[in-house]
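Start from the sequences and build out the full structure, keeping to the hints where you can.
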Amino acid sequence: MSNTFDLLSKTEVHQITSLVKTLDESTFDYLQIELSGMKLTIGKGNAPMNGMAAVSVAAPISATAAPIMAPREVISAPVAIAPPPTAKQASAAKDDGTIAVVATTMGRFYSKPEPSAAPFVTVGAKVDADSTVGLIEVMKLFNAVGAGIRGIVTEICVEDAQFVEYGQVLLRIQPSEAGSGTAKKK
Amino acid sequence: MNVSRVLIANRGEIAVRIIRACQALGIETVLAVSDADRDSLAARLAGRTICIGPASATDSYLNYKAVVTAAVATQSDALHPGYGFLAESPELAQACADNGVIFVGPKPDQIRQMGNKIQARILARQYGLPTLPGSEKVTSYKEAVEIGKRIGLPLMMKAAAGGGGRGMKVVTDINDMQQMFTSASGEARAAFGDDTLYLERFISNARHIEVQVLGDSFGNVIHLGERDCSLQRRHQKLVEEAPAPNISEKLREEIRQAAVTLARNYGYENAGTVEFIVDQDAGTFFFLEMNTRIQVEHPVTEMITGIDLVQEQFRIARGEALRFAQSEVIFRGHAIECRINAELPQQGFRPSPGLITEWLPPQGPNIRLDTHCYKGYTVPMFYDSMVAKLIVYGTDRGEAVQRMLRALEQFSVEGIDTTIAFQHFAVSHPDFMTGRVNTHLVENLIPQMLAAMNSRQSA
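Same order as they appear, the protein sequences are chains V and H. All the letters of the first sequence, read from the start, carry residue numbers 0 to 185 under numbering that gives the first Met the number 0. All the letters of the second sequence, read from the start, carry residue numbers 0 to 458 under numbering that gives the first Met the number 0.
Just so you know, the hints here were simulated from the structure itself, not pulled from any lab data. Possibly wrong hints are sitting among the right ones.
As the list claims (entries may be wrong) - Quick list of in silico lysine to any residue cross-link-like pairs, SDA-like style, CA-CA up to 25 Å:
| hint | chain 1 | residue 1 | chain 2 | residue 2 |
| --- | --- | --- | --- | --- |
| 1 | H | Lys236 | H | Val71 |
| 2 | H | Lys64 | V | Asp159 |
| 3 | V | Lys20 | H | Phe348 |
| 4 | V | Lys139 | H | Leu440 |
| 5 | H | Lys64 | V | Glu136 |
| 6 | H | Lys64 | V | Val137 |
| 7 | V | Lys20 | H | Ala56 |
Stated by the list, open to error - Residues of chain H clear of chain V, computed beta-carbon distances all greater than 10 Å:
| hint | residue |
| --- | --- |
| 8 | Ala23 |
| 9 | Ser33 |
| 10 | Thr68 |
| 11 | Arg263 |
Just so you know, even glycine gets a beta-carbon here, dropped at the ideal spot from N, CA and C.
Below, the structure written as structure tokens:
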């Protein structure tokens, strides 16, 4: 119990702290988030009734996250109304233990640093959390996409130079060792 | 210029409104949505949607690069910005031009010039429009004190980059100048990233009257009459009507002509609105500013002219000449619009987002509802609180008022708090009923309404 917070990365703790602050300044009484393997309820007063989480909480998290780091499936975190069942959403929900790396901005996805170069990653490649897996270009501005987690690339879901929407799944990573972002302390 | 596909860079009721205009014109629609709006009504009605960013407007609806990229990527010929968000962003209009996308609105320079309220005042004066006694750019409170002494108190402090009432202060005592100057420039800096202020004489018994204009790329300019938008709370309009009640025909014509004079001399293209303040005691009017976009309250003009303004915007944007001369615009009857917001008036109009559990809007002849809401929709917390615009038409103002009252009574919404009851109180107030409106009426009504509600509860 004493090491509960060791399960969370520094970024996650920071995100939760910002959520508390956001809630504090809002007119809402509580907010509830469910992420893979974690359920979080923050509130000011009475505990919420089941099924009453009325507001999407995806934004505060992604807004506070570092731009490059794709925070797991945060973008498709549960909202009150189910998102439309697009192919993209369906693939994001794959339940094989892999983690989706999603587009943190809309734009053109590049799998290579330059047209003649080798791709950043291919299926089977080992990546660290800070590895660059691609670039997304919006009006000549290139944003690096980070893996966000240590593991092995199992699938690349988009073509080089394909236009991607915000939140679209770019590739999937099988996390190495203890899975879903659990940061082991020595 | 052909427009066969348009990207709509907005959300809510205006996105729905633009999609309907496109459907009528046979134009394909692509809707740019944020992550929070993927399943909105507009998203369902649009030909396709494209998610441009997260819920936060700064990273989605206010990101002009994302919006233009989306237009190019979807091979849209044109982009309609709606109102709010990037509707008056010269950067967006310019980026559209640079990328071969038709911006449904005026030229980037026109947006830029009219967006600077000091420059707009100078332009209006050049074309002979009356402007309020006031200043150009004021750089220090000491200068403000000097100007205050010259033009007299009370005066209004305004942000040059202004809009929506932010950075606006009424100064009634010259000793307050320093404190007001500091807080107004701070507000302006926070809201617009520009703390430039200017001063204007403040008119206490004032009405807000604005004129709808349309201009095409051949230099033709017409007006579609005026709207009275005097019922405001914190400079946000609540009730709008057309035509303006209780003004002389002479004054009405002068105001309409002033708007046309400005737009014609300026070579204004597309739909725009010239705003005036009318001094009821003196019977005079002054230019305030020009809005270079379609406005929230455009439906009241549509109701009394029978002209679909959004469709005309597209026709102008694709290079057609105006389809009617001034003499062919026929005004008929009276229209009123109430903005229904998800707010709780009893608690200082606190926003009330959440799940709509019941949505039963009024129906019947001459009732129009522009909305993106329905039963089961969750009003997100990220955006504007407006959930619907209720518009009614009557052969005269009295009939329109009665129809509005019945329509408000029949509008049933559960799950979120709304301003429906407050609107009913405002429209049924003797001052509104008799057309004795001014820009302070709403502020005066709020305590009366709260008292009435409390006595009803205790009875």
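Indices of hints not satisfied (ascending): 1, 4, 9, 10
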